[in-house]
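Student: From the two separate chains plus the hints, produce the assembled complex.
Chains A and B, in that order, give the protein sequences. The numbering of the first sequence is this note's numbering, which starts it at 1 and goes up by one. The numbering of the second sequence is this note's numbering, which starts it at 367 and goes up by one.
Heads up, incomplete: computed chain A residues facing chain B, CB under 7 Å, no partners named: (1) Thr246; (2) Gln247; (3) Phe312.
By construction, these hints were calculated from the structure, which means they are not laboratory data. Think of the CB as a built atom: it goes at the ideal place given N, C-alpha and C, for glycine as much as any other residue.
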Amino acid sequence: MRTASEQDLLTRIHIDGPLLGGVLVICAVGLVVLYSASSESLETVMRQALRMLLGLVAMCSIAQFTPARLARWAPLLYCIGLALLFAAFLVGTGRGAHRWLEFGAFRFQPSEIMKIAVPLTVAWFMSDKILPPKLSTVMIVLVVIGAPTALIAEQPDLGTAILVMTAGLLVLFFAGLSWRWIGVALAVAVVLAPIAWYSMHDYQRQRIETLLDPTKDPLGTGYHIIQATIAVGSGGVSGKGWLNGTQSHLEFLPERATDFIFAVYCEEFGLIGVLVLLAAYSLVLVRGFSIALNAQDNFGRLVAASLTFTFFVYIFVNMGMVTGQLPVVGVPLPLVSYGGTSVVTLLTGFGVLMSIQTHRRFIVKS
Amino acid sequence: MPLFKLPLGRKSNGAEFEIFLRRFWIAGVGTLIMACTLVLRLVYLQVFHHDLYTTLSQENRLKVVPLPPIRGLIYSRDGVLVAGNRPSFALEVVPERVADLEQSIAGIRQLMTLESDQIERFHTDLKQKRRFDTITLKSNLTTEEVAIFAVNRHRFAGFEIAGRLTRYYPLGSQMVHAVGYVGRINLEELNRIDAGSYSGTTHIGKEGIEKGQEEVLHGTVGYQRVEVNAQGRILRVVERTPPIPGKDVHLTLDSTLQAAAIEALAGNKGAIVAIEPATGAVLAFVSNPAFDPNEFVNGISAKLYAALRDSPDRPLFNRVLQGLYPPGSTIKPAMAIAGLEYKIRLPSDRTWCPGWIRLPGQIHKYRCWQKAGHGSVDLSRAIAESCDVYFYTLAKDLGIDRMHDMLANFSLGQRTGVDLPGELTGILPSREWKRRTRKLPWFPGETLINGIGQGFMLATPMQLAKMATVFANRGEVVAPHLTDYFSDPLTNVHSEPERIARTRAASIDSSTWQIAIDGMHEVVQGARGTAQATGVGASYQYAGKTGTAQLFGIAQDKTVKNENVVKHLRDHALFIAFAPLDHPRIALGIVIENGESGSHAAAPIARQLFDLYLDSMPPAPNANG
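Okay, chain B solo, but in the shape it has when bound (with noise of 0.2 Å):
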């Protein structure tokens, strides 16, 4: 039987059937023509495109899911784990996967309670990511939450729980000014960061040795290729880069002193900084009020966010490295330094206190603190007392030019180079400074008032402290740092962060350092020191100088009882200090603010960290190498 037959030899039907057939072939022959359009799209497609298609199909098929790190834990010298990670649930969400997103939110509001600027936080993210990212809508769910939406999850479309490691902080607020904490990443944090290295990653360090230490904490991220479906499930792990965790970073910061310090200061604002003066390693670092960093890593409440910001008492302020205080009389061993490093004075050479002096051609009385003087004072005794008159006089012998030379050594003015980020430098004055900030000229008094520590001369307790250790190691200039070394989760081998090189503060010998270190002994265990109560008993020998720094200027002739100012007007009280005084373990440098005295406030204190460290913690053996 043949397929097609043509209808030969048939004429019966006549003009009709050759009607038919015409059209039939015109039908015939535009069918042939579709038929090839059609051919030859399929050939264009599937040939000539083909490698076009094949990669859309791959990139429909395949996706990249980037594995964020774990991130290194932080632990304290003495191995108290000061931020970690613990498995929180939250609740996430994408948008493109949800019909009506309104109504679902308002669903899930019956399940579990969104607090009205969770809700906010939320919108806010919904017009800054695309709808097919992921949202997180509620965080630290609690296991009954979890539970009560894992029955309801059917309902919801779109929306899932994400388990995850987030950050938190065992110690809460004890060590947050030295370690800070780590916060959603936001828009300019994320024009910074190679977006491709966090990708995944939601959190970075925002404040102190989060932030400082980013690099090595956040470790590297892992990728994985997988194969999806339309919905954008996962159906199989095609291939996997695993991620590279971030290193631990372990602390110099000793949990015991710092909880003492803490405690010493008894609710009073102020800092302490403790300093191992070989190393400079920092062991104590404290800013009080502090607050509790835990509250910051999935974002603060707004409500409570402004509780902080606007408390009188700035607990979020970084007294530590951003508060500038008048250094006032701690400064007084570093001028004597001066006046011998640039022969102006020999240890023995002595001045006269009448209790006040006067420039050539002034009236102005310049007074000491002692208003009946201190009589005929050496170097050594002036600092022990405090004499103003005896640094009046050598500040003027000085002159600005060297006396800012030589405080510029002992890192006033100057960053201290601690390892963390945010660090102010303080005010050293000079002519050029004044020139450049002032529009005026130096004049002949300043130098005067600066020499006391007063004046235009601001100094962080950082600074302090680190001016404390320059004595105990006898002018050797050590940079403080926090960081003592990282240590890998993964092979555990050890590794340490680059070290600024040492320098001296000058260029006399330490017998001579030694004429300063006593006068500063004498301060605190001497007959007659500043703050001679507080020495007594103790142990081991040790150093000091007190500081004062008036907040406000007092009339000439005028004297004023600090009982009768408000307390956010008295005075600062200041302390440096270190021990013991031969081979010294630990420097101090204490800012009590508006403690009215330095022997009073700041300097007990002091005398009760070295107690705790130097008599109930022994030296590590060979420690730190």
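Same shape as in the complex, but just chain A (with noise of 0.2 Å):
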């Protein structure tokens, strides 16, 4: 082991060098894909630099704190996301939806706090209990999880909440919840699903009746998945080259800058391009997995491992919605897609991820 004095300059100033390093490719793919789906709007793509250079001083500020500050910060921010999401339940604004909240011109989605939020919460709740957790723990963490699940699914935002909720139940299943339970909950929930299903917005359930059989309505709700589906193909496995992608530029392809980003990727780029940027997603997750184990205490153990789960979880529901594996559920692409807070609240969690790795307590070996 290296003691301090041995550490790098970035060590030093708490940020981890693989994984800014990771996250700037992405970044960059991103950018460079943005300007084709946005119809070479150059306007779009320096907005979205933006929010990432905002996103990447955010990232790099959360960095400076210690773990310990962020778990004693983590219920207090939890209780004003909580607030603020209430609030957006009552005078919200957004497409028919209470998904906004507006301060004069700053306008954002408290649900995405809520993304660093729980996990943060949760995880500061068990580091102090003993692991595995007793039931009565369980029961706060669930009820700590299913407020602000619930609250973002009734926006209605199906993406967001199932995001929040991943997050949270990640921390505990890394926690040591019992087997026992988890079966319990997996029954409960298969018995739940069909009412589940009758207490869904009606283009929620559609959205899942359509990923059955795209095709029973190709103009409507199908329109979606066949366009894109069509795009990914049609790219094959070198791709119809950058700003070339017929699917998005004759505007075939729906939400292409936003949830549908990666079609328009796999069209230009094809499998090759596909396989670049898996592999730069790869760099994260495994440094996130790397921070994960070696992460000190239990608090930074499970906060990381969420975190980076969470991340993959992000990248699977949106690839699988995009090449029509799973349902319409309004993820978007992590740090591809365009659009402000998701991209701000992501590399804040990478920030955390970097106050882990670099706050540790180095142990001097003889």
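Tutor: Given below as structure tokens:
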């Protein structure tokens, strides 16, 4: 092991090199695709780059605080987030959804805060308990996860709700939640599934039906899936070339700058491009795993593992949706899809990882 | 700095860390499996089904748009435009692109008037066509309406003003029964035509030349392959095969003669056909009353159509090709030819006409129109004075079988072969015909009645005119035609339609024909001819034969004055003629419905038209080759 004096410059300013490198590569790819997907709008690309910059600043700032301090702040952040969600529930704006809060010219989705606040809070709550957690602890944690999830799903924003819930439940899973209880939970889920089906919004139900047979309504809800699949498939191994995707440039592809940007990427860069992008994602994931495994306390481990695996779920749900394997739930492709809040929260999450990695008490081995 | 480091040799976190580690590996394996399914899915789409999705994306992007050809024009013989194309604007809509169709139409009604039957037709189209097909809401927009819509266009997504060529007929009703008209392609036609060659074409010939020469006039459809975006907007043309315009049709009809013939009818119901005997070229083709074909091009209003359909004068009825009239005495020259051909009569053979004859064993008197009788008549005089008794006797001697065979050679009971659709054959009775249609044997008395063109016999004005040409040609039978030649608008190359081979009506020589023709000459220019008044003062010699077709039977020994008969039951006046006598340039068939007498109503019209044609329209040098 190295001593503090042997640490490189980056670690001294609490930045993790490999993570930063991976993130920058993905961001760069994202901007390149966005230029094509936005019909060559340099303005859109600049706006997104600005948000990335904002996110990187947030990332670096968060990394300066120790995990212990982040843990102390977690419940406060959680409470603020929950309050804002409730406020959005009452007065929020957005296309038929209580999704946005406006403060003058500034507009943001309080649900994004929860993507970080929930795993931090759950990890904080369990870090001083004996693991695996007792039933009472699990119950409290489920309420902590359930409240924001329910509010977000009600907005309705199924994609974010799933991600927030996943982040919280992953903490519980890594904390060693008994398999028996997991089994019970799954059984309950199977029983509740029909009830959930009927309590879903029509459009959410339609999306699942459409996934099963997109050709049933080719101009309606199946349109997204069919056109995305065509874009992906027609890209082939080497792609049609940057700015040459007909599906996107002739506007057949809906939501091509946001949720369906992966289809544009697949069409223009082909399977080779996809593998390059997956490699960049893998770099970030592997580094995240490493940080989780080498964290020095339960809080760091749980948070790092949860954030990293949630990041993967993010990627998997988006790509699965674009390639027609999962229902269209409105999850953006992390760091690539156009959209401000998601970029900032993702990068903030990586700031937390960097904090865990760079504030270790180093064991000096003789 | 290593990217990934395993936490080896650290046991300080004890059991909690062990649990975490196990869970971590389980999640890791799960992640790997999910990542693999993702990659497999991508390989499946991008490698194994690449061709399929490439095709689908091409189909998305590239659309084939038909380019309808420009319909050929129609000209009269004297170069007057009879059917042309003119630009017009239509308001069209693609239902799929309209959010609320009813509301949009309500909005458009505030900008321009929409007749209720326009909306009705629109809704019929809406049901028949597909959601992404273009449907016409209103045709023939005025420039003002086009401008008003253009200003408000942003309010009506999915609606477009389409400029296209519309058929129009500058002469209005003048040649409508010959030229016909075009109209929207209907369901029945859609099943008949080749959908590919008519993609993009909205109209098709419905009647007359427009229908008969449809193939020539229509042209060949072109295509362009265009790149479109998701909204269907054309971004660029990738490939283009231009359409080949239809050929122009040049008619044999002469617009001056046609107009004169219409005028000569003076509003009477009837038909006039003028034919150039040497070629069979139809110079005039009149069926009166007529209608304006322009009303039909973009769909006639139900009210106007009902008025035309229900009019007692039947303006929609093509009398020339479908009007069936008893030919009456106009068949007498042809009967005379039969007598000569079968050597039943010599020209000099005389028959005594006491005013009637009676068949052996019958009480019924077959009367001559001349109650006092003609006395002793030979063939020529029998024609000139239209002696019924001569022809009763001739018919009796010929018998129905020979009568039928000879008259068939004159095109009675046969189609004339004119190049127009919808021609009727009329009726030329025979034993076989009567057995087939009436299930009765032939009675001898019927031979007599049919011998003077009454009874069962029915002929169209076109057949009468063709009969006149046979005499003008001294026995040569030429099928009439209206299509002179086609010309290609691009190359100006002329081509001629196929003609029907000429035949001979009878084997007798032209000097024998001349005997019958002399009789016809006497009709109009002889001392005792039935229409001799009309031939006085003509600068040329001509021949003709009057006919009067009785519409109802008159009891034996009764005479009825036509003045006492309601107009629509009065006799039809018929006349066939040709001129000049020696080198005929024009032959006529004329029917005046309820005109009472061929000599008074129909024959003067022939004189009028002959005067015009022969005196003021010199023969074209080397006309038609």
